[in-house]
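> Chains as they are written, first to last, in the numbering used here: chain A, 1 to 345; chain B, 346 to 690.
Hints in this document: simulated from the structure, not taken from any laboratory.
Only true hints are included.
As a list, the in silico DSS-like pairs of lysine-lysine whose alpha-carbon atoms are at most 25 Å apart: (1) B/408 - A/13; (2) A/333 - A/25; (3) B/685 - B/373; (4) A/28 - B/408; (5) B/392 - A/254.
Quick partial rundown of chain B residues pointing at chain A, CB under 10 Å, derived from the structure: (6) 376; (7) 441; (8) 466; (9) 559.
We put the CB at the ideal spot given by N, CA and C, even for glycine.
Number of protein chains: 2
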Amino acid sequence: MNPEPTKIVQELKPYVPGEQPRDMKYIKLNTNENPYPPAPGVFEAVKTAGLDRMRLYPDPLCKKLRGILSQKHGVETDRIFVGNGSDEVLRLLFQAYLSPGEILAITDPTYSLYPVLAATFGAGIESVPLEEEGQLPQIPDPSRFRVMVIASPNPPLGAVYSEEELEVLIKAAPSTLFIIDEAYVDFAESDCMDLSKRHENVAVCRTFSKSYSLAGIRVGYAVGCRGIIENLYKIKDSYNVNYLSQVAACAAVKAEEYYRQTASRIREDREFLAGELREMGLRVYPSQGNFIFAEGEDGRKIYEGLKAAGILVRYFDLPRLRRGVRITIGTRKEIEELLKALAGL
Amino acid sequence: MNPEPTKIVQELKPYVPGEQPRDMKYIKLNTNENPYPPAPGVFEAVKTAGLDRMRLYPDPLCKKLRGILSQKHGVETDRIFVGNGSDEVLRLLFQAYLSPGEILAITDPTYSLYPVLAATFGAGIESVPLEEEGQLPQIPDPSRFRVMVIASPNPPLGAVYSEEELEVLIKAAPSTLFIIDEAYVDFAESDCMDLSKRHENVAVCRTFSKSYSLAGIRVGYAVGCRGIIENLYKIKDSYNVNYLSQVAACAAVKAEEYYRQTASRIREDREFLAGELREMGLRVYPSQGNFIFAEGEDGRKIYEGLKAAGILVRYFDLPRLRRGVRITIGTRKEIEELLKALAGL
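For reference, chain A alone in the conformation it holds in the complex (with noise of 0.2 Å):
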């Protein structure tokens, strides 16, 4: 007999990923990896990482990282935590936050995955529409959500939000937790790490897996005030980074210099394979992360012959998006064989 599951887990639809296939050479842009390597010193740092200490439980405060990033932020260490990716980040913040039945707010459209994380918690989702390019729409009464949480640059569209029309909707509400997601920010021109300074209801959140070139090691961090981060410590798992994770990490945040050169390259090839595109007919948002959405009139279509040409990109069957498909920023080599089978469909 088999034992029976919360009601919750018995509802739950799974989040779905992007295709991660092992078999055959796909160009690969589907799921927003950086085509670069990390940088030597992240290699460097592992390989180097006194490996007997593997026998050993890693710190389970990140310490380390936590002190390197409070440098980089110029915010105390007691307002960093470091978790297994941002996923557990984002989903240590709905389970410290959400209760059964409250509202958690997300726009529409956006990383599809938080509904899904809000839901293991039993929480209530309400979509706020975006604008026609993806910017924010007035929000009449954002007290009556428990959270919500805003991408930017926000996927599958791109768009940034300003630190001034964020600070309007968060002195608002000032009981609601603001989750302002930045794992493209590296991309774009602008960024709201200071309102996690300003504002004890906001929490800024970061990633290792887009600019850093890390997706492998899951380490992502947020930023806000200490009672939000103690509350995050008090729920995660005793340890939950790894130690060798923690040293990669470590050595990503020494090597700025080399990714601020990747980052500018991906910049750049957006921006080419965005006039591209355009040329072709097709509309291209305006995006500030290391992806574009090009719409054409059936996005299937063009997922299913790209695919049939070896190059995987991402396809979402939702009202507001089937028309088009997302697009990672590859190297300029993969961005030209894109546009190569493109043009042969």
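Here the structure of chain A is known, so what remains is to put chain B in place on it, guided by the hints.
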């Protein structure tokens, strides 16, 4: 203004892991780590891991590792769940099967993380007092428990339970989920993995943190029926186990011979230490883990005296445990230092 966390989080008392001092060279016999380094093949695998794979997301389903574990245990791959340490595996089992107010049964004493984890989901706890030497008592009506977790060997005393006695319980409560935590099983004379094959209400948990000397990489797993495993996959973080840890764990399972030898050394040294402590007049519980519980009159005094001598052991300030300390089995040299320090107290 600080947004309010959920009622559950407001009332939580977080788990306190054993001390992990970074500042001074202690002999560390307090967190049941393995004193021997991981197998040479594990180092090799990490160093040659194709480190630029770090830029890509890891396999979200750990297919390769589950394939290897499936061979090791003779169960199908889809009956194995791999997590970010058995901490994550246990948390997900609790989250999937315990609704607020439902009862988790634990033994008293046992691993102190269980009630902390269950409390994060609002579950109630019922403690079943163990017999004199840590044996399981008769449990009249186990079907009133939603979930029961039993460690075998069971820390901090170290008793092991037989398949036969556990099967009586499991059959008496077919809609209760029984979690058998075999973190320490490779130091014991028998295991209960077969129960997960014969019963749909059993999950057996294992870890790479103890016998595999890999506490730093955070990999644990559960074996159970498909229904249980599917529920865990439904609620886990999308990419819960990082790439380097998957590589290290695969290499570890292939180095069984090395690990058989280190485990057998630890078993011998456990018996040596137990004998010496008994000679010194301490009560030592029969343990099949890589630790023993030694009782005098005042555990805190023993703990403090040893700490002053540069040796860390674990003291639990609980009625039943307060007279003793839990000592991890270190190398023979560490054990001799411990005995010398104890003689001097």
